[in-house]
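**Student:** Each chain, letter by letter, is given below.
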Amino acid sequence: EPEVTQTPSHQVTQMGQEVILRCVPISNHLYFYWYRQILGQKVEFLVSFYNNEISEKSEIFDDQFSVERPDGSNFTLKIRSTKLEDSAMYFCASLAGPYNEQFFGPGTRLTVL
Amino acid sequence: AQSVTQPDIHITVSEGASLELRCNYSYGATPYLFWYVQSPGQGLQLLLKYFSGDTLVQGIKGFEAEFKRSQSSFNLRKPSVHWSDAAEYFCAVGGTGGSYIPTFGRGTSLIVHP
Numbered sequence: 002e003p004e005v006t007q008t009p010s011h012q013v014t015q016m017g018q019e020v021i022l023r024c025v026p027i028s029n030h031l032y033f034y035w036y037r038q039i040l041g042q043k044v045e046f047l048v049s050f051y052n053n054e055i056s057e058k059s060e061i062f063d064d065q066f067s068v069e070r071p072d073g074s075n076f077t078l079k080i081r082s083t084k085l086e087d088s089a090m091y092f093c094a095s096l097a098g099p100y101n102e103q104f105f106g107p108g109t110r111l112t113v114l
Numbered sequence: 090a091q092s093v094t095q096p097d098i099h100i101t102v103s104e105g106a107s108l109e110l111r112c113n114y115s116y117g118a119t120p121y122l123f124w125y126v127q128s129p130g131q132g133l134q135l136l137l138k139y140f141s142g143d144t145l146v147q148g149i150k151g152f153e154a155e156f157k158r159s160q161s162s163f164n165l166r167k168p169s170v171h172w173s174d175a176a177e178y179f180c181a182v183g184g185t186g187g188s189y190i191p192t193f194g195r196g197t198s199l200i201v202h203p
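In the order they appear, the protein sequences are chains A and B. Position in the first sequence (first residue = 1) + 1 = the numbering used here. Position in the second sequence (first residue = 1) + 89 = the numbering used here.
It should be emphasised that the hints constitute simulated quantities derived from the structure, not laboratory data. Here the structure is a predicted model, which is why all the values come from computation and not from measurement. Treat each hint with caution, since some may be false.
[As the list claims (entries may be wrong)] If the Cβ cut is set under 10 Å, some of the chain B residues that face chain A in the computed set are:
(1) Phe123
(2) Gly132
(3) Gln134
(4) Lys138
(5) Phe140
(6) Ser141
(7) Leu145
(8) Phe179
(9) Ala181
(10) Gly183
(11) Pro191
(12) Gly194
(13) Arg195
(14) His202
In this text, a Cβ means the ideal position worked out from N, Cα and C, and glycines have one as well.
Using the sequences provided together with the hints, build the complete structure.
**Tutor:** In C-alpha cells:
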C-alpha cells in the first residue's frame, strides 16, 4: 500500500540553525500539507501546497518557514532560524483530491536546543 | 470557521468494555468528518470517514462512528476494546473547498486497563 514517508525521523538542532524536513508524498497525490504537533497538544495546520504554490497557510507559518517541491517526488519544509518553540513533531500529509482523505507520514520529531 | 470539540481529554476503560469517544463539530455546510488514531511515536492513521450517505460509518479495527446532524456530533464507538487500542484519538472536520484543510480536535487519550 502506498504511504507517505518522512526523513529524518528525529532531528536535533541548535537554536538559530536552519533545518529542512523532507517528505515524499504518495505519487499520484496533488495536495500536500505540513502540520505540527507540540508535545501534548493538538495537531495544527501549517501550510497547504497545490499546483506548485502555497494555497493556504496558518498564522504559525511566518517568514521563518518555507516549503518547496524541488522535484516530482519530494516536498520539503524549511525553518530558516529555529527557535526553542519550534520543537515539535512535524507531519507531512498528502491528498489525492477532493472527496478523499489525507494520508499522513510518520512524522519528524524536531528538537531545538 | 470550522471547529471541533473533543470534550474528554482522557478516557479509561477496561479491556473488553465498550467505548464511546465524543466529537462535536461546528461547520456551516455539510462537513466531511474523520477519526484518526495516533499510537505512541507514530503518525496519524485514518480509522474512518464520513462524506455523505449512510450516517453510520464502519472503519478499521472494529470501530464505527455515527453522524448526527441534529446534534453536530460524530462519536466514535467500539463494542469491545482491546489493550492495543490504547492511543490518542483525533476527530477532524473538513470542508468541501479546493484546499481541503481539516481542523483537528485536541484529541482524546484512551487508556485501557487489563
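**Student:** A separate judgement is required for each hint: does it hold in the structure or not?
**Tutor:** Checked hints:
With a cut of 10 Å, the hint placing B:Phe123 at the interface with chain A holds, because the nearest CB-to-CB distance is about 6 Å. Hint status for B:Gly132 relative to chain A: holds, with the closest Cβ pair at about 4 Å, below 10 Å. Because the beta carbon of B:Gln134 sits about 7 Å from the nearest beta carbon in chain A, less than 10 Å, this interface hint is met. Because the beta carbon of B:Lys138 sits about 5 Å from the nearest beta carbon in chain A, less than 10 Å, this interface hint is met.
Using the Cβ-Cβ criterion of 10 Å, the hint placing B:Phe140 at the interface with chain A is satisfied: the shortest such distance is roughly 6 Å. Hint status for B:Ser141: holds, given a least beta-carbon distance of 9 Å to chain A, under 10 Å. Interface restraint check: B:Leu145 against chain A, minimum CB-CB distance 18 Å, threshold 10 Å, status violated. Given the 10 Å rule on beta carbons, the hint for B:Phe179 holds: about 6 Å separates it from the nearest Cβ of chain A.
The beta carbon of B:Ala181 comes within 8 Å of a beta carbon in chain A, closer than 10 Å, and the hint placing it at the interface holds. Evaluation of the B:Gly183 hint against chain A yields a held restraint, the C-beta minimum of about 8 Å falling below 10 Å. Taking 10 Å as the C-beta cut-off, the interface hint given for B:Pro191 holds, the closest approach to chain A being about 7 Å. Of the supplied interface hints, the one on B:Gly194 holds, with its beta-carbon coming within about 7 Å of a beta-carbon of chain A, less than 10 Å.
The interface hint given for B:Arg195 holds, since its Cβ lies 4 Å from the closest Cβ of chain A, which is under the 10 Å cut-off. A hinted interface residue such as B:His202 counts as satisfied when its beta carbon comes closer than 10 Å to some beta carbon of chain A; here the least separation is about 22 Å, so the hint is violated.
Comparing the model with each numbered hint stated earlier shows that hints 7 and 14 do not hold.
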